Amino acid sequence: MKRIALLGMPNTGKSTFFNRLTGAGARIGNWPGITVDLLSAKILLGAEMVEVVDLPGLYDLHGFAEDEQVVRRFLLNNSVDLLCVILNATQIDQQLPLALQLRRLGLRAVAIMNMTDEAEQLGIRFDAAALAAGLDCPVCFISAKYGRGFPEAREMLRHVLSLDPPTASPAPRADFAADEALIAEAEKLIARSVKMPRVLEYGLSERIDRFALHPVLGVPLFFLALFLLFQAVYTLGTPLQDGVAWLLEQFRESVLVHLQAILPGGLYGLLVEGVYDGLGTVASFVPVIVLFFLGMALVEDSGYLSRIAFLTDALMARVGLDGRGFVMLLMGFGCNVPALMGTRVIRARGLRLLTMLIIPFSLCSARLQVFLFLISALFSPTQAPLVLLVLYAASFLIAFATALLFKNRLGGGEPLLIELPPYRLPTFQQVVLRAWHEIHHFLSRATRFIVAGVVAIWLLTHLPAGVPAGGPETLAGMFGGWLEPVLRPIGIDQQMAVVLLFGFVAKEIVLGAMAVVYGVQGNALAQLTAQHMDWVQAFSFMLFTLVYVPCLSTVATLRGESKSLAFTSVSIAWSLVLAWLLSFIFYQSARLLGY
Amino acid sequence: MNLICLSDLAIGQRGVIEEVETEEQFRWRLQALGFRIGREVRLIRQALFGGPLQVRIGSVNVMLRRHDAAFIHLRTTG
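Chains as they are written, first to last, in this note's numbering: chain A, 979 to 1573; chain B, 3 to 80.
Among the hints, erroneous ones may be present.
[What the hints assert, rightly or not] Partner residues aside, some chain A positions facing chain B, computed with beta carbon under 8 angstroms:
# : residue
1 : TYR1037
2 : GLN1069
3 : LEU1195
4 : PHE1288
5 : LEU1289
6 : ALA1326
[Said to hold, decoys possible] Partial list, computed: chain B residues near chain A (C-beta under 10 angstroms):
#  : residue
7  : ILE19
8  : GLU21
9  : GLU23
10 : PHE28
11 : LEU50
12 : PRO54
13 : GLN56
14 : ILE59
The hints are simulated quantities; they were obtained by calculation from the structure and are not laboratory data.
As the structure is a computational prediction, the values presented were derived from the model and not from experiment.
Backbone N, C-alpha and C fix where the C-beta goes; we use that ideal spot for every residue, glycine too.
All chains, please: the whole structure from these sequences, using the hints.
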């Protein structure tokens, strides 16, 4: 099968083009380097199936960022039949040198000029024939966002693929001196083929930035935006959550109870009290998570993330990081795994490791679920938002403190250069695709881990046969007993100790595990939890859950991205020790104060 | 001729790049975003507490840190 490789700088709409071309739901980000996995898809072009690979964005084929190395390695090790170079038409003057550089590889190529809608608004005019002659390849003008020019682009890809391949072999390594010549060539080509208004003004983006990047107002506005986002998620999400919980409860009461007569006792317990209750407890949080990811997708695609890097860089510099680290922490609110992979844009190894060390403290959506449940079970509705705010603040503070503590061992700077792209209002389809991708990931992860997790917990709390379920003689009781000396000083009892043990695998399991341990779900679970622990214990439990190892996927990603077992071990050990210490200090002081 | 550093521009002031005296890796990154000899740059704003600068070059807005910007020398044009 023939292979097409998509290449271009970050912020060229390459991922949007890929999505439109292939119909797949890839991540789309308005932040350099967000597309970290190599996505590929097979499409029908004319009468032939071809494979399209979306390579990471790069500024320079000779660059030293990990993404740029990924591209080089890919081109060296994989056969590519056609290079499809995506260019941002509004920044053609910056982008042509890369296109010329890629042409030197000697592969068949086409150039796709994207964002022609914005370019038109800015009054940029192109001489297509001169551009095609200068680049020595066909050029096509599209708008990936609005889907304009796609039939022409597909036809062009098909046509070029049907031509005979060039005989010259690709030579990805050229010398740096040649690049100076490329830049001169690009400038001549621009003069021949592009008419630009003398001063390019992004009126609206500039006006927004006057507020968004305001020296004094910028940061408060960011927190306000964050607060409004969360407020919207909970205001809309809570009724939906109650609705789903009610539906699941009704189904259990009216349908599943009848299974008790048909199925043998053990199987009924496993399926209904284990799998159904466990999954159901998690499922009721899906609406909130969906809204949460929709909001995150909106922020990510808007171009605001790089502004956040701008606003927070001075603060982050004091703890040995840079503004990108703060953005990664924010991304970690969704899921820590993509945030860890996003650190690939950082080239200095020490800086990257320090950033990776703090990301696991970011309060991800899986932990959010656990907190939402416990907070609503043990705190009044007026206290609830405050408690959640305290946990988010703790998440940031712990991350900063960790960076501060380790910055002399890891860390180290590198020159920082981040593009502030114009604000873009993502299209509805773009946000939905993006959110769907996240939700799909969350659900597949959740169901995979949860079904196995709740089954295992049900077995642990019911074996050996003949002892009272959930009692101290069961396997779970024995594990809990072993852990008790360690966990009693932080107010966590045997049953919750087992839950924490499973939380190591994934935080999505925690609620399901509680449902199975207590043998109930929904409101009954909330009531029973409130009987088993007071607010001090619950907060201690939440603090521990926030800080200790997020999940096995995060550990695997830490290992894979750092390529260092020592670093991964330090990260795990530090989070366990810190979790215990913080919970211990909180729990014992609260008790001393008489709570 | 009077050269000043990009980091010494006043907000709103413009200058033409005369030389970029920095390590090679960073210079290539700068070039890729348009920082080339002879191009005009303009300082748009600076973040609080010695934070980064927002610089416009052509149609592109970038942020870079003050001490990195000190390696870029300009001829001021008002």
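Each hint, compared with the structure:
no., hint, in the structure
1, TYR1037, "holds, 4 angstroms"
2, GLN1069, "holds, 6 angstroms"
3, LEU1195, "violated, 11 angstroms"
4, PHE1288, "holds, 5 angstroms"
5, LEU1289, "holds, 6 angstroms"
6, ALA1326, "violated, 10 angstroms"
7, ILE19, "violated, 13 angstroms"
8, GLU21, "violated, 14 angstroms"
9, GLU23, "violated, 12 angstroms"
10, PHE28, "holds, 4 angstroms"
11, LEU50, "holds, 5 angstroms"
12, PRO54, "holds, 5 angstroms"
13, GLN56, "holds, 6 angstroms"
14, ILE59, "holds, 8 angstroms"
Of the numbered hints given earlier, the model fails hints 3, 6, 7, 8, 9; all others are met.
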